[in-house]
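Next come the chains, spelled out residue by residue.
There are 2 protein chains.
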Amino acid sequence: MGRLDSNFPDPCHFNPLDPEEFRKQAHEMVDFIADYYQKIETYPVLSQVKPGYLRTDLPENAPYLPEPLETILKDVQNQIIPGMTHWLSPNFFAFFPSTVSTAAFLGEMLCTCFNSVGFNWLASPASTELEMIVMDWLANMLKLPKSFMFQGTGGGIIQNTTSEAILVTLIAARDQALDVLGFDNMRKLVVYASDQTHSTFAKACKLAGISPRNIRSIPTTLDTAFSLSALHLRKAVEDDVAAGLFPLYLCVNVGTTSTTAVDSIGPLADVANEHGIWLHVDAAYAGSACICPEFRHHLDGIERVDSLSLSPHKWLLSFLDCCCLWVQKPSLVVKTLSTNPEYLRNEQSESESVVDFKDWQVGTGRRFKSLRLWLIFRSYGIVNIQNHIRSDVRMAKMFEGFVSSDPRFEIVVPREFGLVCFRLKPDENIGSDYTEMLNRKLLEWVNSTGRVYMTHTIVGGIYILRFAVGATLTEDRHVVAAWNLIKEGADALLF
Amino acid sequence: MGRLDSNFPDPCHFNPLDPEEFRKQAHEMVDFIADYYQKIETYPVLSQVKPGYLRTDLPENAPYLPEPLETILKDVQNQIIPGMTHWLSPNFFAFFPSTVSTAAFLGEMLCTCFNSVGFNWLASPASTELEMIVMDWLANMLKLPKSFMFQGTGGGIIQNTTSEAILVTLIAARDQALDVLGFDNMRKLVVYASDQTHSTFAKACKLAGISPRNIRSIPTTLDTAFSLSALHLRKAVEDDVAAGLFPLYLCVNVGTTSTTAVDSIGPLADVANEHGIWLHVDAAYAGSACICPEFRHHLDGIERVDSLSLSPHKWLLSFLDCCCLWVQKPSLVVKTLSTNPEYLRNEQSESESVVDFKDWQVGTGRRFKSLRLWLIFRSYGIVNIQNHIRSDVRMAKMFEGFVSSDPRFEIVVPREFGLVCFRLKPDENIGSDYTEMLNRKLLEWVNSTGRVYMTHTIVGGIYILRFAVGATLTEDRHVVAAWNLIKEGADALLF
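Respectively, the protein sequence lines represent chains A and B. 494 is the number that numbering that gives the first Met the number 0 gives the last residue of the first sequence; the numbers go up by one with no jumps. 494 is the number that numbering that gives the first Met the number 0 gives the last residue of the second sequence; the numbers go up by one with no jumps.
No wet-lab data here; the hints were simulated from the structure. Treat each hint with caution, since some may be false.
Copies of the same chain are indistinguishable here, so a pair counts whether it falls within one copy or spans any two.
Claimed, not checked - Mimicking DSBU-like on lysine-lysine, the simulated pairs with C-alpha atoms at most 35 Å apart in a straight line are: (1) K145 with K38; (2) K334 with K205; (3) K205 with K328; (4) K38 with K205; (5) K328 with K396; (6) K142 with K234; (7) K145 with K73; (8) K328 with K145; (9) K486 with K23; (10) K424 with K49.
Remember, it's a predicted structure, so these values are computed and weren't measured experimentally.
Please construct the entire structure, taking both the sequences and the accompanying hints into account.
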């Protein structure tokens, strides 16, 4: 910053980005973080604090004068860390893991370093161009058809979350439809997904102004492992058409949140293609596995789909936020999302020789998001990234084996990837409420120890324990220890 | 990760987050970044590459085997940096600056380090609670009424961008209205803003399903410095009511993108309050200045507003993305955005004793975003943050003085903050087209030197050069050098 007028207090010479000060303090922070990773196993994985714990410790106002980094780091240790649920702990088996890596951390540091705002090409050519290249790289790793690539006729973008990926494609589909039907028919647009679809789908539909009464949640059942039936979809679509409504958008899952159920793309695409429905595949978690040939079949039929999203922050070591979205017809997205204010106009954008990613997303500003993926792919190579997926699946299989070999437990739905859905088996002599209560108690006890964090779900009326393997630091020994803890809980409960 | 089955190749022992490897490589990256900041002035501020430059340099596929960090860093230097428009260069005077600081960098490192996914309280109590506290701190710094604070009856959240802040509040307003009017009246909802409002407003309205024909862009003129007239607003609203439409949402600007025009909140709130219109204040850039008492009057009337957003990534040293949104009635936002899937349910959320930020935003996942602001406020103290604003404004005043003292130039709109809007003065004897052409040529030449980057706008038909002071590394000497360069260009043009 520059000098100050003499009438303002200037207690110290303030330089917010002195390179030598930056160097010194950033080195300090690196050591703090490396130490945290080294000690991470010693912290309770699920935070044990009570609501409001932090407000009692912190002042009501920001300080008027500066405080030294040492004081702040002490507070991180004593005030923040106790309130963390440690997602990177090797004992974290809740939700889906959020995977990370040194390479991605370095990529994020670089992204922060440049702090470029890549709303259009000119504002940071490298940011736009590297993202285009990296999205093509990942598309190639997934063996997507060229129609999803910039090398072909499509393209991809890094969104923050699946919610945005769905919102953006839904709006493209909506406005394409309304161009023909007229705006007043908005209330007649209908969207479809299975009842296993992430809640974010219905939320995106609400955001986009789809009538809440036109959001179809098609039931699934245990006997088909909770996958969406093309027959049921067809019935729903035909009923809507008969009622004078307009089928608009179908969200298909490759790996649902509750149980990693996989919808079969081909038969669902038959229905969607026939009725001109925009078909989106949400492969947030399991899509990453499809970089391994042995899992790629889950994407069979992808060439008949309009858009696909998957989140490397879940399983490709990238840290948050990173959701990759590919579309076959970027022009439909751009048509509805583009803006052209005078203050952003420039020769390159006008010539239409470049991609302006602001027209592919909700916001205007955007960070240099591709650096993380670029560093991951280059630092580890495809071989190690595939192996990391395989190792997680192998550990999940190992856990599945433990469960199967204990007669008190059962696997509820077949394991496909790194998630094991299991429970204490129901006893014929007692009701299902009691079984659910026992499983709830078991989960509560396991989590209360701070030694393992798992979560639950309910599907088809069954209360299920979810054991999601794949936190980056998890090794075989953590899975073994977790199983021993679960058994210990069961021993006490079923005594 | 765990072990691998023996049938897969494992060319090296792969550990994506070995703490000692992390420590070593992150230290290397810190030095790379500190060196970049030290050398930043030597790079052309506006990248001089041509579209497609990177694809010719990079392979078509990700590598199968790992590459060493040294190779990658060499490529960052030789392939990425030439394609960067250096937003942190002290010679960056384009758009608005995107300000940064060592403290925020450290906060971002910590946020990345934890990689917690704070969709609800339990998933990371510290993440939610620190955000609540920090948002109250900033609200206090801005002297917002308690009704915007968690300490009072409101609250705030960090969104990624202004677009999301507008979208979220617009949806809350929309669904509140439709609850009464019924969904079929969506097409009758009308939104209002001045023609100076950022293009993201119209985009958010389109996303939310507001009929494009119901987005009112109310004209402004130079004689009122492009601020929105309450009289014109009232006329537009009354016309719509008379036509059987429903006025829904008004977006008011404190500091427009083109010229930092300020709409006067009080008189506009009269109209909005009278007609039950949701009133949002977009203070993306200039809002930050209101932490200084001498600028606070721009928020006068804020107690009559429903929501306010401002972006610390613009002027509070925070790096991207960071847009703070406060609302007086969080329950309206939560009502429309909340989801409650089984797999996220937990005792604390059910008891409604906690805030679950997923219900305040578009996405589900979210990072530990408040760490950056917390580190900024604590490391620098309010005094230094105020001084940093003042120093930028003083430098802009200095530049304004240079312009005013040169008879070939003129200030087009009064300077309020750190942006100077100026141009080569029109000559009575020649047409306005020629003036515009001269100014375009001047801008083009200045930017082509790589020594300064400025941008332009057109308001009220006038082509204006924008000189935005405030890049974190900018000092008086850079402003002086930029002015000398501009004069040099003018000398050549007007010879």
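To see whether the hints hold, each was checked on the structure:
1. For the identical chains of this complex, K145 and K38 are neighbours neither inside a copy (45 Å) nor across copies (40 Å), given an alpha-carbon limit of 35 Å.
2. Taking the shortest Cα distances, K334 and K205 sit within 35 Å of each other both inside one copy (21 Å) and across copies (12 Å).
3. Taking CA atoms no more than 35 Å apart as the test, K205 paired with K328 passes in both settings, with 24 Å inside one copy and 20 Å between copies.
4. Proximity of K38 and K205 under a CA criterion of 35 Å is satisfied in neither setting, with 43 Å inside one chain copy and 48 Å between copies.
5. Within a single copy, K328 and K396 get their C-alpha atoms no closer than 39 Å, and across copies no closer than 48 Å, so neither meets the 35 Å cut-off.
6. With identical chains, the CA atoms of K142 and K234 are at most 35 Å apart within one copy only, with a shortest distance of 32 Å there and 58 Å across copies.
7. For the homomeric pair K145 and K73, the shortest alpha-carbon distance between copies (30 Å) is at most 35 Å, but the shortest distance inside one copy (52 Å) is not.
8. For the homomeric pair K328 and K145, the shortest alpha-carbon distance inside one copy (12 Å) is at most 35 Å, but the shortest distance between copies (48 Å) is not.
9. For the identical chains of this complex, K486 and K23 are neighbours neither inside a copy (48 Å) nor across copies (40 Å), given an alpha-carbon limit of 35 Å.
10. In this assembly of identical chains, K424 and K49 lie within 35 Å of each other by CA distance solely inside one copy; the values are 33 Å within and 64 Å between copies.
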